[in-house]
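Sequence lines, in order, name chains A and B.
If you're matching positions, the first sequence starts at 6 in our numbering and goes up one per residue.
If you're matching positions, the second sequence starts at 6 in our numbering and goes up one per residue.
Calculated directly from the structure, the hints in this document are not laboratory data.
Do not take every clue at face value.
[As the list claims (entries may be wrong)] Pair ranges (Cβ atoms, derived): (1) 206/B - 190/A: 52 to 58 angstroms; (2) 275/A - 47/B: 21 to 27 angstroms; (3) 282/A - 274/B: 55 to 61 angstroms; (4) 6/B - 391/A: 28 to 34 angstroms; (5) 282/A - 46/B: 34 to 40 angstroms; (6) 323/A - 107/B: 28 to 34 angstroms; (7) 194/A - 6/B: 53 to 59 angstroms.
[Said to hold, decoys possible] One side only, chain A facing chain B, incomplete, derived with CB under 8 angstroms: (8) 82; (9) 138; (10) 253; (11) 358; (12) 361.
[Claimed, not checked] Covered stretches of chain A (chain B as the covering partner; in silico rule of three or more C-beta atoms under 8 angstroms from a C-beta of chain B): (13) 59-67; (14) 87-101.
Ideal Cβ positions, reconstructed from N, Cα and C, are used throughout, including at glycine.
Number of protein chains: 2
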Amino acid sequence: MRGVSIIGIGSTPFGRLTEISIRELAVRACRAALADANVPRELAQAFYLGNYAADVLVGQNTLAPLIANALGLRRIPCTKIEGACASAGIALRHGYLLVATGVYDVVLVAGVEKMTSASTPEVTAALAAAADLETEVRAGLTFPGAFALVARRHMHDYGTTREQIALVSVKNHHNSVRNDVAQFKKEVSVAEVVGSRLVADPLRLYDCCPISDGAAAVVLCAADRAHEFTDRPVDIVGSGHALGAAAMCALDDLTSFGATRDAADEAFAQAGIERADVDVVELHDCFSIAEIVDSEDLGFFAKGQGGRAVAEGWTATGGRIPVNPSGGLLSKGHPVGATGLGQVYEVVRQLRGEHPNQVPDAQFGLAHNLGGTGAVATVHILRRRP
Amino acid sequence: MRGVSIIGIGSTPFGRLTEISIRELAVRACRAALADANVPRELAQAFYLGNYAADVLVGQNTLAPLIANALGLRRIPCTKIEGACASAGIALRHGYLLVATGVYDVVLVAGVEKMTSASTPEVTAALAAAADLETEVRAGLTFPGAFALVARRHMHDYGTTREQIALVSVKNHHNSVRNDVAQFKKEVSVAEVVGSRLVADPLRLYDCCPISDGAAAVVLCAADRAHEFTDRPVDIVGSGHALGAAAMCALDDLTSFGATRDAADEAFAQAGIERADVDVVELHDCFSIAEIVDSEDLGFFAKGQGGRAVAEGWTATGGRIPVNPSGGLLSKGHPVGATGLGQVYEVVRQLRGEHPNQVPDAQFGLAHNLGGTGAVATVHILRRRP
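The whole structure should be built from the sequences, with the hints applied where relevant.
Structure (structure tokens):
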């Protein structure tokens, strides 16, 4: 397979964007990415879109051709992919594969979700549909409940403390204060996290990502043509996509998601680098405990050390391995179908040296997108062109 | 790109399958396809699933990993694709591309929809979400209304008669009487069609496809490895996937869908054959008028001649170019996310010489899947291994 570069990125702010339709959100991110890439829309040979539940949340399905038409695209194949919160990661994976294999030279990939126009119970129900209706949802398990089980088990098995878990949220809220596209720009303290409203014991409000609107997009190009459009391409050097158990009751271990481990192994093997070579990580912190679990599953810390890592400052922007300098899902926001590309947007800004929380001289970045309670994961490793 | 073969097919019956969950429908079709291919599930390297609206219709989203787990698949990338009524055609296209480019050798592709557990108004609303909410759905346009506009315009521009349109339904109901997987096994007369309940003038009940449950699946394999599993592979020799206008108001011509024309041109160019070389066609007759329009857009008849073609018997199973010997969406049924693979199931049975309405010595077959009112289309051309 040949090399693939990201030559343009675009994003709306994430947050409560009441006045902007889902179509317009996606169009804004796509136009920004095309402009950033210096690519006229006529050059895009395919369009991939990640979206989770627009039919339930805004009553509009079949978004790929709808958004493509609004962008002025013509005739090209347009594909919408749904994989719960990993929808955009899987969409990126397909754009990547089809450029890498030479089917297309230039592909536009976007993700979008509009959630704040629905009520919180409606959103909770829509999200629960990503879990197993027959075995779990009907029994009352929601995502906060599922990750509360993960947290309890991680505390039990590894002595992870309530304070360590809270520190993830403290770090990520701190990081997003300076992120122009973040939903929240407000510091929180450990006391505020553990004192916030109980959602699913032990998780409290500030342990949970918000309900968000937003869109993000990238333009992919064959690496050997990237110079035609930009002098700062970022290469995709590893792509992993793996299946995990679709229900909590089928997990071997409540504190680890096999899909993340397998997707990471695939991406690292392809990239030919070690975990220690990665300079910056955007990972799927849908809940504070998820960042701890993900950072272990990705191989950055030994099993059970994720809580200590955040407490020791290893994952701070100035730490050993900065995690979620964007603010992550917890504080940048989590418009479900856009999130995976929002992460890539952040990593590319890091590798270009233009991030509001810049990691100095970042060469390799990693984006990790998780769907369901580990039913699916994607991992992409990006490299600044040497 | 290398050759790709279909080495196994499976399908549930289409119809009202009240007692079978959506997961079980998909599992049954997949198991049948794997068994037909003599492929143990461990050999599948990726899984693609077409589904339109399970979240709205049955409250379950993120079906690809759910069904993969139920099948006993492990670790492999699983992807759900949504493209309205063309969801399964786009899923097939992706399995095809990723085998053709050498990413995978063996891929399982399925489509599924469960619709009859929702009420008819709920299904109508769910389907309408494939059209443009902002410009059309809120104004009251539903799919029967949209295709009624197409019918009126075709009658006006080309003199197509009410009887010619009805004859599509008569033919397809006749065909499905002998199809073991069809929803309806009952002949209808022209008088019964034009006397049936009015749905959207001039379309009546028997001009409209039914609401259906069902699933279909295929196993794809690199052509040069097909002999390891089967002695009757069917090759995919052309694949087209194109974007059209996402709203009726953006169509240049109400009587033609550009996405079908473009997808057909792409598939025929790749296959290197002429329209006259095709022996059997399964096309997207969601309404009787759609078969007339599709048969023209695919290039089998000159513009305006589709009505005459059915009246003259050219599209009957013994005619010049047999169209929908399965019974088509109109009478075989239309479980939306499964339909595109249901068509391929029928074409493969024809090319193997084992169809209940066999076209003698069929060598080339075509499957045409349309989404929305022409927002997206796929065309696949299949060939019996010479």
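Okay, the hints, checked on the actual structure:
no., hint, in the structure
1, 206/B - 190/A: 52 to 58 angstroms, "56 angstroms, holds"
2, 275/A - 47/B: 21 to 27 angstroms, "22 angstroms, holds"
3, 282/A - 274/B: 55 to 61 angstroms, "45 angstroms, violated"
4, 6/B - 391/A: 28 to 34 angstroms, "31 angstroms, holds"
5, 282/A - 46/B: 34 to 40 angstroms, "36 angstroms, holds"
6, 323/A - 107/B: 28 to 34 angstroms, "44 angstroms, violated"
7, 194/A - 6/B: 53 to 59 angstroms, "57 angstroms, holds"
8, 82, "4 angstroms, holds"
9, 138, "4 angstroms, holds"
10, 253, "12 angstroms, violated"
11, 358, "32 angstroms, violated"
12, 361, "33 angstroms, violated"
13, 59-67, "holds (count 7)"
14, 87-101, "holds (count 6)"
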